[in-house]
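Please build the complex by placing chain B on the supplied structure of chain A, with the hints as guidance.
Protein chains: 2
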Amino acid sequence: MNDEPPVKPGMIVGILGGGQLGRMLALAAAELGLSCHIYCPDQKSPAFAVAASRTIAPYDDQAALAAFAESVDIVTFEFENIPTETLRFLAERVTVLPGPASLEPTQDRLSEKQLIVDIGIPVPPFAPVAEQADIYSALARTGRPAVLKTRRFGYDGKGQAAIRAGDDPVGAWRAIGQAPAILEAHVPFAREVSVVLARARDGTTRAYDVVENVHKDGILATSTVPANLAPDLTKQAMDIGERIAAALGHVGVLAVELFVMERGADRLLVNEIAPRVHNSGHWTTDGCLCSQFEQHIRAIAGWPLGDTARHSDAVMTNLIGDDASRWQEIVGESGARLHLYGKAESRPGRKMGHVNRISPRSGP
Amino acid sequence: MNDEPPVKPGMIVGILGGGQLGRMLALAAAELGLSCHIYCPDQKSPAFAVAASRTIAPYDDQAALAAFAESVDIVTFEFENIPTETLRFLAERVTVLPGPASLEPTQDRLSEKQLIVDIGIPVPPFAPVAEQADIYSALARTGRPAVLKTRRFGYDGKGQAAIRAGDDPVGAWRAIGQAPAILEAHVPFAREVSVVLARARDGTTRAYDVVENVHKDGILATSTVPANLAPDLTKQAMDIGERIAAALGHVGVLAVELFVMERGADRLLVNEIAPRVHNSGHWTTDGCLCSQFEQHIRAIAGWPLGDTARHSDAVMTNLIGDDASRWQEIVGESGARLHLYGKAESRPGRKMGHVNRISPRSGP
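In the order they appear, the protein sequences are chains A and B.
Read left to right, the first sequence gives residues 0 to 363 (numbering that gives the first Met the number 0).
Read left to right, the second sequence gives residues 0 to 363 (numbering that gives the first Met the number 0).
One chain only, chain A, in its complex shape:
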């Protein structure tokens, strides 16, 4: 697949998913002279407003998928929960990048953990929970507090339940809908960081500066760059990102979330992989010459990767639910750039936009 000719300006990029990530990918593709076709079941997809064409159809509509494949020069996606069959169906007809093989392991929290462990990268203690009875042996492995997570289709804290001292584990099992799950130890990390990197068709990689993240209620609240991280750990984090991207045979942008431990032999533990552009990379639009969105398009298009150098320090703050109603205040603020996703309806926990606050580049 990597021998395919590169995508050329004027060609059409098909994007599965029409949320804010699809929208920002489409904006970046447009700057490069590419045209976008968004495929999304949701009629109100925010990406439609900035794309040349759209298909509104379910992900299992084979006629719609076949027509979509016919109308585009390459297919990519904005989120990892695209059904595998959809990707495989498309991949028979048109280049799909990242490829299904790179996506599948990350659709299942257990396979994802296994893949990371298999290449020798440490993760917090975990155990599979296939049925209710497994919870007790799993807890013996992880200790408390721990978090029970559905193996599939979780995001932004959905499909998760904490098991703290005194909690009835069965309550957590019921809360996540008794679906196949994984129990993860809640490790006492000092901070959370992430590496956003891209891997090109030829296997070269480029990482952005490591980002320090703060989550609230399971949703990313802020990302700060540069992260407060020692140089050796920074190097190690980037190395982990590269090894994971290579192990997946990934092409495109990939994010790896890591826990930084205060002490111990393994100071960095991988929390999660996202095989796509990632919320913790949103700062790159205003802090780097080549944003993660442009970088993803470059990678899948078969172009050389762009500059990941940080020209400015940045703090990205998500605007969640009613936060976006403060837009007027934000546009009056010096050094701040507002990004809104064009979503008509604000709901609690819904990502409506973000703001990047930049300042002159400090340190290395």
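Hints listed in this document are in silico derivations from the structure and should not be mistaken for laboratory results.
You can trust all of the hints, since none of them are fake.
Since the list gives no way to pick out one identical chain from another, each pair is judged satisfied if it fits inside one copy or across any two copies.
Here are the simulated DSS-like pairs of lysine-lysine, each with C-alpha atoms no more than 25 Å apart in a straight line:
#	residue 1	residue 2
1	K7	K43
2	K215	K157
3	K7	K350
4	K157	K350
5	K350	K43
Quick look at chain B alone, frame taken from chain A:
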């Protein structure tokens, strides 16, 4: 008109003209959560691919214009040669910014020059040429070399003819189609610079750093920032920009092109005004937090103006005609960001894209 309530995220910005400027305005509006409706007679307008809606109709189609006015919350334009009647027709139905009164003087090179002179800002010697016989008296005012330009509808060197020593002036008059014209002295300038600034609804202004421009064959080739210009002249250039914007009652982005003379009482002479986003402001997308496109949207929307501070030095190079075929080389270059306009057909002299090359900010 300036008492209108501000445009809010989710509202629709109507843009007259669907070229690259309309396209980049639409991309900037989308980042702010605004939706765009492009009105353009040309079916192949590059802006259509990044806008939520489009109207393909001539500028004098009153039914189409009325429906357009009905469907948007505010109207702006990407170029100054929109027929006055079109703007007046729309302005009776919806807020149009910049207003027709700010646009009209700049549609006619003679009125433009008169306006500048009237507020005490120097311009190169000029004289009107209404009919063939006027050329000789005009040449007596300007000397040779001089440039004969049609009063209306000129851009990128079109509608212009030079009169050098030994040239037959009547040949120039024929070359520009014997239309009402203005003869301008070709002054021996040391360099060309421009000021791109925005004026908000409340009259506040913010200017970007002064840019140094190089033209080739009457078309902008490169813009470099910072310009090689003494601090007092920089201040004077910005002051000229502000006075012109105020004199026009302008709301939105405005560019003033200036000649810098090596010596003389008046070191800065105004060459031309563009009452819109301008090619010499394209560097701002990658050199500033708030691009000229976002700034224009902020100004017309009734929002506070954004940061014009330069975070990086920049050289913008236009990709004209076949230049764009070098895209592959450019995307492989470090520190360069490619912008392509999505135009299907390359023609000599046609602006196909541009590239911004940035480097760490130097000096003040």
